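Enquirer: Sequence:
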Amino acid sequence: MVIIKQNLLFLILFLIILLNHLLFIFDFQLTKEFKNYEEKEEINCFLLKNNLAISAISRINTNFCKQFIKSKLCEINNYWEIEKIENNCEEYFDLRQQNTKIGCFYLSTINKLIKNSFNFSSENSPEFCIQKCLNSGFSFAGVGFGVNCYCFNYLIDKNENFVNENLCNFYVCPGKENLFCGGNGTLFVYKTGIKDKQTKILPKFIPYNGKSSLNKIKILFLLQLNGRDYLQIRRLLGMIYSQKHFYFVHVDSRQQFLYSEMLKIQKEFEIKGFFNFKVLRKRFATIWGGTSLLELFLFVINQSIFELEIEWDYIINLSEKDMPLLSLEELEKQLENSSNKSFLSSHGYNTASFLNKQGFNFHFLECEKRMWRVAKRNDFPLNLRLDGGSDWLIIHRDLAKYSVSNEDLPSNLRLLFTTILLPLESFFHTLSINSKNFCNQIFNHNLRFTNWERKQGCRCSAFKPIVDWCGCSPLVVRSIDVEKKINLKRCQEKNLFFGRKFDSFIDIEPINFLQKQVLRFREKQQYFNFTQSFWLNIFNYETSNDSPFSSKIELINLISKLFIKKINKNNCLFNRLLNIFIFRVNSTAKFQNIFQIEMKCEEGRGGFEVFEFLIEQITNQQNKKDFQIITEEGIFELIDGIEFGIGFDVKEEIFRIYPPIVDLNLNNLFTLKWKWNLILNKENNNWTSPNVNLILNGPNNEFLFNEKIKSYDSLNGIQFVDIKFKNILNENPNVNSGNF
Numbered sequence: 016m017v018i019i020k021q022n023l024l025f026l027i028l029f030l031i032i033l034l035n036h037l038l039f040i041f042d043f044q045l046t047k048e049f050k051n052y053e054e055k056e057e058i059n060c061f062l063l064k065n066n067l068a069i070s071a072i073s074r075i076n077t078n079f080c081k082q083f084i085k086s087k088l089c090e091i092n093n094y095w096e097i098e099k100i101e102n103n104c105e106e107y108f109d110l111r112q113q114n115t116k117i118g119c120f121y122l123s124t125i126n127k128l129i130k131n132s133f134n135f136s137s138e139n140s141p142e143f144c145i146q147k148c149l150n151s152g153f154s155f156a157g158v159g160f161g162v163n164c165y166c167f168n169y170l171i172d173k174n175e176n177f178v179n180e181n182l183c184n185f186y187v188c189p190g191k192e193n194l195f196c197g198g199n200g201t202l203f204v205y206k207t208g209i210k211d212k213q214t215k216i217l218p219k220f221i222p223y224n225g226k227s228s229l230n231k232i233k234i235l236f237l238l239q240l241n242g243r244d245y246l247q248i249r250r251l252l253g254m255i256y257s258q259k260h261f262y263f264v265h266v267d268s269r270q271q272f273l274y275s276e277m278l279k280i281q282k283e284f285e286i287k288g289f290f291n292f293k294v295l296r297k298r299f300a301t302i303w304g305g306t307s308l309l310e311l312f313l314f315v316i317n318q319s320i321f322e323l324e325i326e327w328d329y330i331i332n333l334s335e336k337d338m339p340l341l342s343l344e345e346l347e348k349q350l351e352n353s354s355n356k357s358f359l360s361s362h363g364y365n366t367a368s369f370l371n372k373q374g375f376n377f378h379f380l381e382c383e384k385r386m387w388r389v390a391k392r393n394d395f396p397l398n399l400r401l402d403g404g405s406d407w408l409i410i411h412r413d414l415a416k417y418s419v420s421n422e423d424l425p426s427n428l429r430l431l432f433t434t435i436l437l438p439l440e441s442f443f444h445t446l447s448i449n450s451k452n453f454c455n456q457i458f459n460h461n462l463r464f465t466n467w468e469r470k471q472g473c474r475c476s477a478f479k480p481i482v483d484w485c486g487c488s489p490l491v492v493r494s495i496d497v498e499k500k501i502n503l504k505r506c507q508e509k510n511l512f513f514g515r516k517f518d519s520f521i522d523i524e525p526i527n528f529l530q531k532q533v534l535r536f537r538e539k540q541q542y543f544n545f546t547q548s549f550w551l552n553i554f555n556y557e558t559s560n561d562s563p564f565s566s567k568i569e570l571i572n573l574i575s576k577l578f579i580k581k582i583n584k585n586n587c588l589f590n591r592l593l594n595i596f597i598f599r600v601n602s603t604a605k606f607q608n609i610f611q612i613e614m615k616c617e618e619g620r621g622g623f624e625v626f627e628f629l630i631e632q633i634t635n636q637q638n639k640k641d642f643q644i645i646t647e648e649g650i651f652e653l654i655d656g657i658e659f660g661i662g663f664d665v666k667e668e669i670f671r672i673y674p675p676i677v678d679l680n681l682n683n684l685f686t687l688k689w690k691w692n693l694i695l696n697k698e699n700n701n702w703t704s705p706n707v708n709l710i711l712n713g714p715n716n717e718f719l720f721n722e723k724i725k726s727y728d729s730l731n732g733i734q735f736v737d738i739k740f741k742n743i744l745n746e747n748p749n750v751n752s753g754n755f
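Those letters in the sequence shown? Residues 16 to 755, by the working numbering.
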């Protein structure tokens, strides 16, 4: 017995030594691989000489990222791994019909049918044009004038419109010199393989009778969280939580405060004996349009199904700005009657136009928490039909499992989408529409309402820091929108189960409205966490590095000490600042701050005590005078004076950081709000504010700054200008900044 124990002990020691050795080798290989990009000899290939690559690499900060971009570009340059995919969707695609020549036509007879056209001066050929039209889902492709490629879906009275083929045998194809690409005003027309008739299936609303049922549907909610508003997230959870469903929570890797708050919620659930709420330890920087969003989604599918073996039927992703519009009971009923179909919202218009707006014609790579546009994309794998729409998805388990499998189509698409902007908006759409088993298992509706205001939401300046592209984002739902957009009757008629965006910082009333609407079958919970006031933590001493005031800790500590000195009656000494909150009594009140300070007091128990100070910004009433500017364009009336602030949200046109402490290294803004009355007979008016000059004087009336503010187009009548105080100080040596 002793000998057996000794042998067992030696075996365990040997295994430990072996494991440590293997871990060392693995760690060494990993470190070596990670450093590889930095230690490689200078990488060089043709694609690195294109202007997009040169521009991107010149703006990248780290050597690692430069080498990563170069390496990936040269991989694309030397070979593209995916030359062709097998499009097995028999309902939408017929390979036997592909490349079938219909005949020669006058362009004038089919001009009205053409939905998209390209000019390929060096690549055009029937095969090349057919693939381009197939990518966008068109049934017919036409080549004309040698270099032109036309895409369309229908031919009217094609037999009557045939012309002699000799009229199309005029221009030699630049991409294939043994073939002709049409003539002057004539084009050869071919079939792409895409079938003529394609019906998009819409789900029907399934009423819930209010009685409890044995619904067996299990949902995996993936919460993709950012920001700091954990109180709104708690309210979201209160509306969608059930013990039978599962909740995976991903917090952006840059958000430590929110991450710590979500871990607290997980602990609260576990103390109560509920283990269906999981905060992911693997975290990504989930930037807008980034490949990390798709990587996260696929990671959660893979981990939940194959590692944790969780039995769920549908996965639904939500953000911190989403809210349910209908009850969880109604959602379960809808999914139970959906025949295992997934819910994907398509773009809803010309696919070629969508692909162009999405940047599909370029290669993008993610690095340094940014999407870099690095090269033009010349082609896609043969026979690949592209599609896309919303990245807010409801995916059935079968499609989810297929998406992470090792089968050719999903494997090839996962590789392809590592260089595509906004991949989560297109990956599942493209995967399903090219697959045999899933192209007819899709509802063309993701059960969402999105508050689009394209004119206001598509501001390129909002996306410049994170992507070499312009984008659009929905606006926040406000009280004025509630009855028109998210009332119960409309949500049921339109099959709208979730909505975005909701933001209690801007308006808490729509969330209060929804809480009562969503929980109408659970009356006891209707008023749980119900509130009119708004609290947002913008500084926490335990996670101070991700606070907007992380670079101003000494300054805010000094401000805190001044509060104590001004008010202190208990001979208390400042110990540390614990928290700063932005506070609002209701959605129409002014923003205030609450400073939570820990102090050492002589009186009383003599220990540390926590005090809260309510701080309100003093407004200079002289600055609130209204006045009018009368121009040829119309009458503009300035209301609410001029406001100064930091953390300006370009789309919502509000300041998001209070108190507005000046930062010399950042842009500080002045905003003006106008009420306008434009002249009606000018149809092209696209502004809501006049051209004005803003003159800034110092406290002794000395001139500091003069900036011309151009007219601006805003739903809210806002006009703003960046003030770079650092430049003002450099140009005015008599003006000094404060030192703390």
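Careful: at least some of the hints might be erroneous.
[Unchecked claim] What follows is a set of in silico ranges between Cβ atoms, one per label pair, in the way DEER data are often shown:
| # | residue 1 | residue 2 | range |
| --- | --- | --- | --- |
| 1 | 182 | 508 | 24 to 30 Å |
| 2 | 746 | 690 | 49 to 55 Å |
| 3 | 538 | 132 | 46 to 52 Å |
| 4 | 590 | 355 | 20 to 26 Å |
| 5 | 323 | 286 | 35 to 41 Å |
| 6 | 590 | 65 | 53 to 59 Å |
| 7 | 721 | 282 | 51 to 57 Å |
| 8 | 323 | 70 | 42 to 48 Å |
| 9 | 475 | 586 | 53 to 59 Å |
| 10 | 78 | 710 | 20 to 26 Å |
| 11 | 355 | 569 | 57 to 63 Å |
| 12 | 690 | 716 | 26 to 32 Å |
| 13 | 433 | 199 | 39 to 45 Å |
| 14 | 630 | 430 | 50 to 56 Å |
[Stated by the list, open to error] DSS-like mimics (lysine-lysine), calculated; alpha carbons at most 30 Å apart, straight line:
| # | residue 1 | residue 2 |
| --- | --- | --- |
| 15 | 516 | 293 |
| 16 | 581 | 226 |
| 17 | 64 | 210 |
| 18 | 348 | 372 |
| 19 | 372 | 516 |
Rather than coming from a laboratory, the hints here were simulated on the basis of the structure. Values in this document were obtained by computation on a predicted structure and should not be read as measured data. Here a beta-carbon is modelled for each residue, glycine too, at the ideal position from N, C-alpha and C.
Enquirer: If a hint holds in the structure, say so; if it does not, say that too.
Expert: Here is how each hint holds up against the structure:
One distance hint, 24 to 30 Å for the beta-carbon pair residue 182 and residue 508, is violated here, with the actual separation near 53 Å. For residue 746 and residue 690, the Cβ-Cβ distance of about 34 Å falls outside the hinted range of 49 to 55 Å, so the restraint is violated. At about 59 Å, the CB distance of residue 538 to residue 132 disagrees with the hint of 46 to 52 Å. For residue 590 and residue 355, the hinted distance range of 20 to 26 Å is not satisfied, since their beta carbons lie about 59 Å from each other.
For the pair residue 323 and residue 286, the beta carbons lie near 21 Å from each other, so the given range of 35 to 41 Å is not met. The supplied range of 53 to 59 Å is met by residue 590 and residue 65, whose beta-carbon atoms lie about 58 Å from each other. One distance hint, 51 to 57 Å for the beta-carbon pair residue 721 and residue 282, holds here, with the actual separation near 56 Å. As the Cβ distance of residue 323 to residue 70 is approximately 43 Å, the hint placing it in 42 to 48 Å holds.
Judged by the Cβ atoms, the range 53 to 59 Å given for residue 475 and residue 586 holds: they are separated by roughly 56 Å. About 45 Å separates the C-beta atoms of residue 78 and residue 710, a value inconsistent with the hinted range of 20 to 26 Å. Checked against the hint of 57 to 63 Å, the pair residue 355 and residue 569 passes, with Cβ atoms roughly 59 Å apart. A C-beta distance of roughly 30 Å is found between residue 690 and residue 716, which places it inside the suggested range of 26 to 32 Å.
Between residue 433 and residue 199 the Cβ separation comes to about 43 Å, which falls inside the hinted range of 39 to 45 Å. Between residue 630 and residue 430 the CB atoms are about 53 Å apart, so this pair conforms to the stated range of 50 to 56 Å. Taking the CA atoms of residue 516 and residue 293, the gap is about 24 Å. The hint holds against a cut of 30 Å. Restraint check: the Cα-Cα separation between residue 581 and residue 226 comes to about 60 Å, which exceeds 30 Å; the hinted pair is violated.
Of the pairs offered as hints, the one joining residue 64 and residue 210 is violated, with about 41 Å between alpha carbons and a cut-off of 30 Å exceeded. Proposed proximity of residue 348 and residue 372 is contradicted: the alpha carbons are some 36 Å apart, above 30 Å. The suggested pairing of residue 372 with residue 516 holds, with an alpha-carbon distance near 22 Å, which does not exceed 30 Å.
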